[in-house]
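Chains as they are written, first to last, in our numbering: chain A, 1 to 182; chain B, 1001 to 1227.
Hints are not guaranteed to be accurate.
Said to hold, decoys possible - Here are the simulated BS3-like pairs of lysine-lysine, each with C-alpha atoms no more than 25 Å apart in a straight line:
(1) 1010/B - 115/A
(2) 57/A - 1058/B
(3) 115/A - 85/A
(4) 57/A - 162/A
(5) 1010/B - 169/A
(6) 24/A - 1155/B
(7) 57/A - 1030/B
(8) 1155/B - 1226/B
(9) 57/A - 1047/B
Read the hints as simulated data drawn from the structure, not as lab findings.
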Amino acid sequence: MIYIVIENQQDSLKVERLYFGYRKLMYKEAYDILRDWHLAEDAISESFIRIINNLHKINESDCPRTRSFLVITCRNVAKDIYKKKSPVNEDEDAITNLSFEDINKVSDTLEILIKKETMEHIAMAIESLEPIYRDVFLLRRVHGLSREEIASIFGITVETVKKRLTRAKLKIVTALEKEKVR
Amino acid sequence: MMNDKQSLDKTTDDILTYAAMLADREIGEKLDEPDEEIVFSKEHEDKMKRLFRKEWRKQSAKIFSKYAQRAACVLLVVIIGSGVAIYSVEAWRIKFLNFVLEIGQPNTDFNFSDNGGSSYSDDDITLEYVPMGFEMTDSYSTRQKVFLTFTSGEKYFQIVISDINSNSSIDTENGTIEKADVNGYEAVYTTNKNINALIWHNNELVFRIAGNIPKEEILKIAENIKK
Chain A
1 MIYIVIENQQ
11 DSLKVERLYF
21 GYRKLMYKEA
31 YDILRDWHLA
41 EDAISESFIR
51 IINNLHKINE
61 SDCPRTRSFL
71 VITCRNVAKD
81 IYKKKSPVNE
91 DEDAITNLSF
101 EDINKVSDTL
111 EILIKKETME
121 HIAMAIESLE
131 PIYRDVFLLR
141 RVHGLSREEI
151 ASIFGITVET
161 VKKRLTRAKL
171 KIVTALEKEK
181 VR
Chain B
1001 MMNDKQSLDK
1011 TTDDILTYAA
1021 MLADREIGEK
1031 LDEPDEEIVF
1041 SKEHEDKMKR
1051 LFRKEWRKQS
1061 AKIFSKYAQR
1071 AACVLLVVII
1081 GSGVAIYSVE
1091 AWRIKFLNFV
1101 LEIGQPNTDF
1111 NFSDNGGSSY
1121 SDDDITLEYV
1131 PMGFEMTDSY
1141 STRQKVFLTF
1151 TSGEKYFQIV
1161 ISDINSNSSI
1171 DTENGTIEKA
1181 DVNGYEAVYT
1191 TNKNINALIW
1201 HNNELVFRIA
1211 GNIPKEEILK
1221 IAENIKK
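Go ahead and model the full structure; you've got the sequences and the hints to work with.
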């Protein structure tokens, strides 16, 4: 007889370790948005349900990157819960669509500015973005999630993810130009 | 080949990504865990436990499926290796068909019992010689090692194939040790308390055969392990 030994103890516990390691931090983030402890708990569990297929992209050790990933996720899940619970929503993504020319212009300006700025200034410009744009931008650029994966975690459409990514670039250009004027 | 514009876009993109990593680290460092005590409700804790259990089951199924696919490959190799003989002998054919049927079932014991033959294959390792009358009675694997046990009445031998970086040992206390050769690789042969053992490596894997069978048989098994 050949007995197959399933050795998945370590893998199966990763989600638990992340939960117990970061649940307080996630709770705080969710509670700040939802102002309801029960909904904040829901945001935590919902966050893990949504990221469970992307666990391999999360570093297990306690590091800023992991904290950032889980907090970004929880914040956006909390926003999604809030959006669904609130009868009247302000559509944060109701932004004017950028034309193809505008997008090209943003890319060109960004290219010029980036060449002149120091890495710290660009990082600061990214950091100063509103979370709605920054979160999508960081998950895409730093954590390597696809637009589809981000859309699924945040409960938004892929089209919205694309809009926010473009918008983030535009905001970075604006921030760097402001910095140049000073 | 990238043109200048594409190359410039790529550079801009890389700079932006690197800056994003710096920003992300800065943000992550500023995130402090709250000092106040947070008590989570039992309902929430139960929900999380259910999620963990579900995930555990999913992972188990995934790993089982991986092993099942490997087992299917093993079967294929064995069929190819055994060639026409398998299909020309009715008893063999039935056994192999049964094996195929069992793969799809969860918690299946993979059965190669009573082969009466002289070969066994697992992934890319093939045992081309197994002494007559021996059958595999136990086999399991860990992340670094594969253990195969063959028995015939009171006689037995075990083959352990492990990663070169893992540890392997043979009890040599009060035993005799001598050098041996396995297909050009230097090996160590030991005899201790009626247990004979042979250990060698091929720069990638470490092989160990130990049991109460004669030295000649151990060497023959060793020389016929093909990769």
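We went through each hint and held it up to the structure:
no. : hint            : verdict
1   : 1010/B - 115/A  : holds (13 Å)
2   : 57/A - 1058/B   : holds (18 Å)
3   : 115/A - 85/A    : violated (45 Å)
4   : 57/A - 162/A    : holds (21 Å)
5   : 1010/B - 169/A  : holds (15 Å)
6   : 24/A - 1155/B   : violated (59 Å)
7   : 57/A - 1030/B   : holds (21 Å)
8   : 1155/B - 1226/B : holds (24 Å)
9   : 57/A - 1047/B   : holds (24 Å)
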